[in-house]
Structure formats: C-alpha cells, structure tokens
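Peer 1: Sequence:
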Amino acid sequence: MSSVRRRTVLGAAAAASALAGLPTAASAAPSTSSTPTAVTPRALPGGGDLGPNVIVFDPSTAGIQARLDQIFAQQETAQFGTGRYQLLFKPGTYSGLNAQLGFYTSISGLGLSPDDTTINGDITVDAGWFNGNATQNFWRSAENLALVPVSGTNRWAVAQAAPFRRMHVRGSLNLSPNGYGWASGGYIADSRIDGQVQPYSQQQWYTRDSAIGSWLNGVWNMVFSGVQGAPAQGFPNPVYTTLATTPVSREKPFLYLNGTEYRVFLPEKRTNASGVTWGNGTPRGTSLSLSQFYVAKPGVTAATLNQALTQGLHLLLTPGIYHLDQPIQVNRANTVVLGLGYATLVPDNGVTALKTADVDGVRLAGFLIDAGTVNSNTLLEVGPSGTTTDHSANPTTVQDVFVRIGGAGAGKATTSMVINNRHTIVDHTWLWRADHGTGIGWDTNRADYGLVVNGADVLATGLFVEHFNKYDVQWNGERGRTIFFQNEKAYDAPNQAAIQNGSIKGYAAYKVGDSVTVHEGWGLGSYCYYNVAPTIVQHNGFAAPNRSGVKFHDLLVVSLGGQGQYEHVINETGSPTSGTSTVPSTVVSYP
Numbered sequence: 050m051s052s053v054r055r056r057t058v059l060g061a062a063a064a065a066s067a068l069a070g071l072p073t074a075a076s077a078a079p080s081t082s083s084t085p086t087a088v089t090p091r092a093l094p095g096g097g098d099l100g101p102n103v104i105v106f107d108p109s110t111a112g113i114q115a116r117l118d119q120i121f122a123q124q125e126t127a128q129f130g131t132g133r134y135q136l137l138f139k140p141g142t143y144s145g146l147n148a149q150l151g152f153y154t155s156i157s158g159l160g161l162s163p164d165d166t167t168i169n170g171d172i173t174v175d176a177g178w179f180n181g182n183a184t185q186n187f188w189r190s191a192e193n194l195a196l197v198p199v200s201g202t203n204r205w206a207v208a209q210a211a212p213f214r215r216m217h218v219r220g221s222l223n224l225s226p227n228g229y230g231w232a233s234g235g236y237i238a239d240s241r242i243d244g245q246v247q248p249y250s251q252q253q254w255y256t257r258d259s260a261i262g263s264w265l266n267g268v269w270n271m272v273f274s275g276v277q278g279a280p281a282q283g284f285p286n287p288v289y290t291t292l293a294t295t296p297v298s299r300e301k302p303f304l305y306l307n308g309t310e311y312r313v314f315l316p317e318k319r320t321n322a323s324g325v326t327w328g329n330g331t332p333r334g335t336s337l338s339l340s341q342f343y344v345a346k347p348g349v350t351a352a353t354l355n356q357a358l359t360q361g362l363h364l365l366l367t368p369g370i371y372h373l374d375q376p377i378q379v380n381r382a383n384t385v386v387l388g389l390g391y392a393t394l395v396p397d398n399g400v401t402a403l404k405t406a407d408v409d410g411v412r413l414a415g416f417l418i419d420a421g422t423v424n425s426n427t428l429l430e431v432g433p434s435g436t437t438t439d440h441s442a443n444p445t446t447v448q449d450v451f452v453r454i455g456g457a458g459a460g461k462a463t464t465s466m467v468i469n470n471r472h473t474i475v476d477h478t479w480l481w482r483a484d485h486g487t488g489i490g491w492d493t494n495r496a497d498y499g500l501v502v503n504g505a506d507v508l509a510t511g512l513f514v515e516h517f518n519k520y521d522v523q524w525n526g527e528r529g530r531t532i533f534f535q536n537e538k539a540y541d542a543p544n545q546a547a548i549q550n551g552s553i554k555g556y557a558a559y560k561v562g563d564s565v566t567v568h569e570g571w572g573l574g575s576y577c578y579y580n581v582a583p584t585i586v587q588h589n590g591f592a593a594p595n596r597s598g599v600k601f602h603d604l605l606v607v608s609l610g611g612q613g614q615y616e617h618v619i620n621e622t623g624s625p626t627s628g629t630s631t632v633p634s635t636v637v638s639y640p
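Under the numbering used here, the first residue of the sequence shown is numbered 50, with each subsequent residue one higher.
Among the hints, a few may not be true.
What the hints assert, rightly or not - Each pair of labels, with its calculated beta carbon distance range:
1. Thr629 / Gln545: 46 to 56 angstroms
2. Glu569 / Thr629: 28 to 38 angstroms
3. Ser597 / Ala442: 23 to 33 angstroms
4. Gly130 / Gln282: 35 to 45 angstroms
5. Thr359 / Gly435: 41 to 51 angstroms
6. Thr131 / Asn266: 30 to 40 angstroms
7. Gln375 / Pro94: 46 to 56 angstroms
8. Thr437 / Ser597: 19 to 29 angstroms
9. Pro594 / Gln549: 45 to 55 angstroms
10. Thr622 / Asn286: 11 to 21 angstroms
11. Thr331 / Gln375: 23 to 33 angstroms
Claimed, not checked - When the alpha-carbon atoms are kept at most 30 angstroms apart in a straight line, the in silico BS3-like pairs for lysine-lysine are as follows:
12. Lys346 / Lys139
13. Lys404 / Lys318
14. Lys139 / Lys318
15. Lys404 / Lys554
16. Lys554 / Lys600
17. Lys346 / Lys404
18. Lys600 / Lys318
19. Lys600 / Lys519
20. Lys519 / Lys554
Note that these hints are calculated values from the structure, not bench results.
These numbers were taken from a predicted model, which means no experiment stands behind them.
All C-beta atoms in this analysis are idealised placements derived from N, C-alpha and C, irrespective of residue type, glycine included.
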C-alpha cells in the first residue's frame, strides 16, 4: 500500500555441538606433505551481548522517556533509513511513559506473560509526520506487554508490516490516526483488549486467536479467526468475516528473561484455536537458552551465519542490515531464525537470502528481506522443489517475515517467497514491490511474483501482497487455505499491453493453479489504482479452477477513484467495479 497519490485519492534449539577445529600439535606443526592441510574454523560461541541497538530498560532505569523520545525523533520519518531498534522492558511496572514508535522500531516485554511487564502509559503510533495519513506507517511492532492507557484508549494507527502480538490492553485500542485520517490495514494476534477495538478509518484488518471486549466498525474487510468477542459473520454488510477458530496456529518465538538469563520461548502448535495462549499459568511450549543461539551483528558474513547453523546453533539477528553473498541455509530440523528490531537481509549478486531444507519445525520470524540491485530469482525458499514430506505434526512457520523490492533503492527479484514444504504456516507477511521511495518503476524494481506456493496443505493467516508485475499470489499446491488477503495491483503499469496475460486482461491478484482440486479462502480483497494508465481494465481480482473443492468466502474488489476497473471479482463471477465510485464489488460465496 502506500503511495501519496493513492492516499490522496483515498481522501475518500539443540545446544551447540562440541568445539571443533582447535589445532592439534601435529596439525599445528609445519606440514611435510605437498598437500595443503585443511583448517577447520574455530567454533563460534553461543550467546553474548545483544549489541548497541537493543535498548534494555528496567523500572529503575533513569531517563526512559527521554531515550524513547530520542529514538522516535530519529525514526519518525525515516521510512527508508538504516536505523534499526529493539526496545526491551524487563518485567515490572513502568509509569508515565508514552513510547511513540517510528520506523524499524520494535518494543517488547521480557516476561513469560504480557502481564509480567506493565506500562501505565501508552505505546503510540500516529501519523503527524504524514499529515494525519497512516497508510505509510509500516515496519514497527509491539509484543508481550500490558498497557494501561492514560486516556483509557491506546492509539495504534498502522498500515502493513506492523504486528501487534501478545499484548494486553487494559482499556480500548484505536486503530486510526488523530483526526481519523486514512489507514490501510493491519494485524493483531494472541492479544487481549479488555475494552473496544476501534478501527474507524481502517480499510481492512485481520485479528487472530485473541480476546476483545467489542469491535466498533469496519470499512471494507474485517476478518477474525479464533477471536473471543468478535462480531458475528456479516459480510458484506456489515463487513465482518468471522471464523470461530483458526485451523492451525503456532505463535511467534519471543525473547524473555528467566532471572538474569535470556531465553527464547517457542510456543507449541495449536489446532482449532481460540483465544490467547497466556494468562492461565505458564504458557505451553519449550524454551532455549540464548547460549544456543549465535547472536549475529551487522557486518557478519553469510559464511559465518552458515557456520553457526552447521555447528547446531540457532540465529538471533540483532537490529541492523546484513549483506549476504550466499544464502543462509537452514538444514536442521527445529532451527530458529529470529530477528530483533527489523533486522534486514540484503542479498547481493542475485543470491537467495534464505533457504530451508525439507525438515520439520523450522521457525523463521521477525526480519525484513530487502531485494538487492542484481535480480534474485527468489528471496526466500521454504523447502526444495518437489518435496512431498508430511510435516503436519511439526510444521515450519514463517511469521512477521517481510519482503521489500525497491523503495530504499533499486531492487529486483523474480519471485519474493516460495513455499515448497508441506504444511508450512505463513502467519503474517507483507510482500511489497514498492510504489514509492527511490529505485521504483515498472522495470526498475521489476518483480513478477509475490508468493508462490507449491507445497500441499499450506496455510496463510494474514497475507498482504502488493504491486507485483504479474501474479501477486500463485498457489499451485493442493489443499491450500488463506484466511485474510489484502492486495493492490501494481499502480505503475504503463498501458493495457504491459499487463496483458495472453487473452486475459491482467494477472489476477490471487491465482489458484489450474490443476488444483481443493483450496479455500476467507476474507480476500484486491484493489486497483492504475494512475499511470487509468483506462486499464483488469478482468478479475481472483482466478481459480471452477471445481466444487475450490471454495472462496467473502471476496471483494475495489477500483480506487476509478483509476482502472475490474470486470469481475472471481473468474466470470461478480459485478464490475462502478466507475469513479470507490465502492467494493463483492462475492459472498464461490462457487
């Protein structure tokens, strides 16, 4: 989401293996052989300090508000800057704070439960920097804290890539900016809001496995799964898509303190879940000592990261930017790769940033992949092509892993994310081919596909994919499911011919492969704003085989201010969008 132009229109693991590689007396002596002696790298240590951009507070820390204000002043408008910060609060009670969050800033509590760390105050996201428009409030997060808002209501006016996880708001939550300006969607999970959630101008939103006092309203598309207190199903009027449970979920790993020891908690998988995972004793799951992680700092090489993984360490990526000249290769089951403060991976020379093997239980969470200037064929690959291994008992999870192509500079990638492993859960992602910033243009930041799913039994919960040159999502695997999808087609198509898909006008936002026999989606929306060539016609937002096993619920397409039009919602079904009126065309059930 997010150009100023569009917004103007919208004015409507296992411990490390034994030390290896210390030279023996024989190997240390000069070799008499003509064959070079192989030197094994010295084993990398686990644990260590978290680096300068992880700021840790406790209730006795002096000058907390001043430090929060200093970081916010630096990050408030730094949409494409290089600063990255993680703010950590030790368990206890804090009073009189207002933590305003700017770009690439994450705030978290260090307790096992959100209620272990209470702020009598606010964690605020507003849009004063952008004249009251919240549609570019990306890349920030709040996690694992309890809030007692000063006014009774906390303001969290965000757009994409801004998760609100494992939070307890002892009051209400306002999702719009001051003045009720434009806002374009977000994500809440594993959270309890005692009062009312107030979206006001938020166009779409997804809430999962949470508990709320009540929900105020909706604009286009409000989706709930496993949310106690959610409004009843009503789409398209009111605009609520409500599922009583979430089919499969496993919450994001998080850092916490056990006494003075840092550990990473790994929540267990839940099926048909409803409500939060915390609040009734110790949460269910396992934990790892920080000594079992290689604590990475910006400047480390991909070879070193891979050495750590080979040793049996997990990865904790501290805040900063990491340039990679080879893929990070995750080959061991149950490996955790956890980023803090929007740690950012930049693949150089056209490599893939990260690949996983065909193994159980990998957890990828909390980092951003920024495409490099040389085209990468893919940026993230979960599993090798062609795998059919059953991972249902212990799936891989991809959570708060975001992709950006362009915006911070020219970047290219043919496909952002490829999911090959069966049963993978993609829980909240934003894959974005940039429509503003630097290094943008139809061919300048070329990116044909956002998400390609080849594996069977993959579940997406909270899928945001925008502006790709061809299909934003192409789903080839059987028995795929998506709960909530938000999309905008690429703004910058120069003409109708540029998006022509054979005989079809345009590439659907969400395409289910022609051979797929079973697929299901709930609460999916696609919007067009072809401002460069407003006469462009998009045949449909969604395309899928016309089979009884391929089912969709609560679909919509919207033409923003008449800049381009849709002829149908899905396949040949659904009314065309209506001229310059920014009113959705909807389909409640398909087929």
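Peer 1: What are the numbers of the hints the structure violates, in ascending order?
Peer 2: Those not satisfied are hints 1, 5, 7, 9, 11 and 15.
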